[in-house]
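Undergrad: Using the sequences provided together with the hints, build the complete structure.
Heads up: the protein sequence lines correspond to chains A and B, in order. Read in order, the letters of the first sequence correspond to residues 11 to 356 in our numbering. Read in order, the letters of the second sequence correspond to residues 11 to 356 in our numbering.
Derived by calculation from the structure, the hints in this document are not laboratory data. Note that this is a predicted model, so its numbers are computed, not measured. Possibly wrong hints are sitting among the right ones.
What the hints assert, rightly or not - Partner residues are not named here, just some residues of chain A that face chain B (Cβ under 10 angstroms, in silico):
| id | residue |
| --- | --- |
| 1 | Q37 |
| 2 | G201 |
| 3 | G244 |
| 4 | R260 |
| 5 | C264 |
| 6 | E269 |
| 7 | F294 |
To be verified - DEER-style ranges, computed between Cβ atoms:
| id | chain 1 | residue 1 | chain 2 | residue 2 | range |
| --- | --- | --- | --- | --- | --- |
| 8 | A | G201 | B | T279 | 20 to 30 angstroms |
| 9 | A | A206 | B | G49 | 55 to 65 angstroms |
| 10 | B | K32 | A | N280 | 47 to 57 angstroms |
| 11 | B | A256 | A | P99 | 26 to 36 angstroms |
| 12 | A | D80 | B | G70 | 26 to 36 angstroms |
| 13 | B | S210 | A | P233 | 45 to 55 angstroms |
Even for Gly, the Cβ is constructed at its ideal location relative to N, Cα and C.
2 protein chains.
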Amino acid sequence: MQLNPDVNQQWRIAARPDGNVKQSDFQYHEDPIPTSGEGEFLLETLYLNLAPVMRMYMQGLPAAGERPLDIGDVIHGRGVGRVIQSHHPDYQVGDVIQGQIGWQTYKVSRATPQERMYKMPATIKEQGLSYSLGVSTLGMTGFSAYTGFMRYGEPQKGDVVVVSGAAGGVGSIVVQLAKIQGCRVIGIAGGADKCAFARSLGCDEMIDYKTDNIPDKLAEYCPDGLDIYFDNVGGDILQACLDRLAFGARVVLCGSISEYLRDEPFGPTNYTNLRAANASMRGFFVYNCADMFDQASHDMAGWIAEGKLKIRENILDGFDKMPDGLAQLYAGANQGVQLCRVRGDN
Amino acid sequence: MQLNPDVNQQWRIAARPDGNVKQSDFQYHEDPIPTSGEGEFLLETLYLNLAPVMRMYMQGLPAAGERPLDIGDVIHGRGVGRVIQSHHPDYQVGDVIQGQIGWQTYKVSRATPQERMYKMPATIKEQGLSYSLGVSTLGMTGFSAYTGFMRYGEPQKGDVVVVSGAAGGVGSIVVQLAKIQGCRVIGIAGGADKCAFARSLGCDEMIDYKTDNIPDKLAEYCPDGLDIYFDNVGGDILQACLDRLAFGARVVLCGSISEYLRDEPFGPTNYTNLRAANASMRGFFVYNCADMFDQASHDMAGWIAEGKLKIRENILDGFDKMPDGLAQLYAGANQGVQLCRVRGDN
Numbered sequence: 011m012q013l014n015p016d017v018n019q020q021w022r023i024a025a026r027p028d029g030n031v032k033q034s035d036f037q038y039h040e041d042p043i044p045t046s047g048e049g050e051f052l053l054e055t056l057y058l059n060l061a062p063v064m065r066m067y068m069q070g071l072p073a074a075g076e077r078p079l080d081i082g083d084v085i086h087g088r089g090v091g092r093v094i095q096s097h098h099p100d101y102q103v104g105d106v107i108q109g110q111i112g113w114q115t116y117k118v119s120r121a122t123p124q125e126r127m128y129k130m131p132a133t134i135k136e137q138g139l140s141y142s143l144g145v146s147t148l149g150m151t152g153f154s155a156y157t158g159f160m161r162y163g164e165p166q167k168g169d170v171v172v173v174s175g176a177a178g179g180v181g182s183i184v185v186q187l188a189k190i191q192g193c194r195v196i197g198i199a200g201g202a203d204k205c206a207f208a209r210s211l212g213c214d215e216m217i218d219y220k221t222d223n224i225p226d227k228l229a230e231y232c233p234d235g236l237d238i239y240f241d242n243v244g245g246d247i248l249q250a251c252l253d254r255l256a257f258g259a260r261v262v263l264c265g266s267i268s269e270y271l272r273d274e275p276f277g278p279t280n281y282t283n284l285r286a287a288n289a290s291m292r293g294f295f296v297y298n299c300a301d302m303f304d305q306a307s308h309d310m311a312g313w314i315a316e317g318k319l320k321i322r323e324n325i326l327d328g329f330d331k332m333p334d335g336l337a338q339l340y341a342g343a344n345q346g347v348q349l350c351r352v353r354g355d356n
Numbered sequence: 011m012q013l014n015p016d017v018n019q020q021w022r023i024a025a026r027p028d029g030n031v032k033q034s035d036f037q038y039h040e041d042p043i044p045t046s047g048e049g050e051f052l053l054e055t056l057y058l059n060l061a062p063v064m065r066m067y068m069q070g071l072p073a074a075g076e077r078p079l080d081i082g083d084v085i086h087g088r089g090v091g092r093v094i095q096s097h098h099p100d101y102q103v104g105d106v107i108q109g110q111i112g113w114q115t116y117k118v119s120r121a122t123p124q125e126r127m128y129k130m131p132a133t134i135k136e137q138g139l140s141y142s143l144g145v146s147t148l149g150m151t152g153f154s155a156y157t158g159f160m161r162y163g164e165p166q167k168g169d170v171v172v173v174s175g176a177a178g179g180v181g182s183i184v185v186q187l188a189k190i191q192g193c194r195v196i197g198i199a200g201g202a203d204k205c206a207f208a209r210s211l212g213c214d215e216m217i218d219y220k221t222d223n224i225p226d227k228l229a230e231y232c233p234d235g236l237d238i239y240f241d242n243v244g245g246d247i248l249q250a251c252l253d254r255l256a257f258g259a260r261v262v263l264c265g266s267i268s269e270y271l272r273d274e275p276f277g278p279t280n281y282t283n284l285r286a287a288n289a290s291m292r293g294f295f296v297y298n299c300a301d302m303f304d305q306a307s308h309d310m311a312g313w314i315a316e317g318k319l320k321i322r323e324n325i326l327d328g329f330d331k332m333p334d335g336l337a338q339l340y341a342g343a344n345q346g347v348q349l350c351r352v353r354g355d356n
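TA: The following block contains the structure:
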């Protein structure tokens, strides 16, 4: 399937996923290109993100603050788009925006709060960076890492930081932020390739959850306990980390991908360990931290340009790859952020 | 059994409790009165505390930072004592101390960190108050309420505060601290008597966990969610409160008495709710907050003297009542703090 500039290409929900998503859960559709009315603007899609939460969208669950979807709806997804038509005073033709575009090649927006549209910083091109960052490091993936770690992790130089999903989109950035803050970092990931990747980002120690005994390795690598656990996975790894809390430890709850395909709901039975350690478990939702996005963009773009923050974008080429790209996420094969190049920077 | 001033009367562990404690788990014993050597002082016991954690001591479990006990050991317990002999430079005959005395009528101490001995403020008698406060409101019960609520609850005027165990030792104080801070307070307790008691302390609404549907009542009384949940019980009530978090809510973990007699360990399966609400679950252990004890003593003694903070001490008279008093705790019959008058203030 080629990009067709004459229609709005879309991926819609054909069926609720049962287990991992498969091709038959998606329906390809072509709509006429929409036009923008008063107070609206039209975007052409440059990049689209692929994220674990999308399976929940397809199941019709409310997630990430988005409305539940019906069969036949265009699937939610954030992307980067360029304004090609505008009847909105705040958005000009040529502006590049990140926001809730959905799985489609055009989007009319009113910049509602629900769409959470943010302009990409004008400096990106001057710094020699790609707009793809708007769905990775300078988008919600990177902002989740930055706001969660910097605000709720409260990192101090010398802290012992454990990061699960250390080779994943958010985790691979948290690892590097922790190193920039002068912390000692223990990464957890699955498989030799992911562990090697996370180590290349700066992890001082790696635990391979597919082969290592996690409690034993945590005891070996954090003999005095952990100061921050940045949790991307939940489940047994969260439980193990709650057994290794240093005094005043902060457990930052970002994701729980290990629980999505579980039959029985998980609850950490050792949550009472928080008491003896005067420790806390802190949840956050990235959109609730929008006051930090400008700072996050500024800091991380600078670190990328300086070579301190390495980017691993796992870019699929072509809008037709979206369904496969999502299935790969749950298969656990990805390193870094998964995204799709629709038109790209051009 | 009369108080015998000529021997050190003790209660020791006769057997590990199975379910609730019973008389045959305790062994009465008389030792000679000890004498203090260099760097030591001798206390006579005025009051002893009765607390849920004591069953864990009797089971030989490490708890509250105390060493695990063997069969035949004197049971751990905090008390108030008067110095009647001293070879320690910091403690003078006549000083009144609260600390780890154990279930006995005399105690030789070196004021080790483990014993956590604190002098009772000299102002107590001037304010017309009893030394019994050293094992209730101005002891670890009150300090748990004060440090947990004030430091980890971070109360703001107008906050909606839910307190479980609202008629219990810690909870009944938290309820009143929350009212003093200008919060709206919803108490949870079991049975009409306890609910009436907690309401008399200032609870704006009461939920009776024995007869009410807790999630329904929380929805009714906190339509916009709760800002602080002060948890004395754990289990299903914690789970229900995690479903009612307002943005930025703080869940303060103080106790989990509902879990002590459970067969299956409990873990809150909805802990991920902390994410959408940018909320946190904060554990604390009172001894880790010793930097606040002076402030807590000063503030609460003042509020008691002014009549703003009501004290419900459930005082058993006589050292022989200790075993029965502990069993009553688990039977859930107590309101306020349970303690035993050994010699009393005199």
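Undergrad: Compare the structure with each hint and give your call.
TA: Hints, one by one, checked against the model:
no.	hint	verdict
1	Q37	30 angstroms, violated
2	G201	25 angstroms, violated
3	G244	7 angstroms, holds
4	R260	9 angstroms, holds
5	C264	8 angstroms, holds
6	E269	8 angstroms, holds
7	F294	5 angstroms, holds
8	A:G201 x B:T279: 20 to 30 angstroms	28 angstroms, holds
9	A:A206 x B:G49: 55 to 65 angstroms	58 angstroms, holds
10	B:K32 x A:N280: 47 to 57 angstroms	30 angstroms, violated
11	B:A256 x A:P99: 26 to 36 angstroms	35 angstroms, holds
12	A:D80 x B:G70: 26 to 36 angstroms	58 angstroms, violated
13	B:S210 x A:P233: 45 to 55 angstroms	51 angstroms, holds
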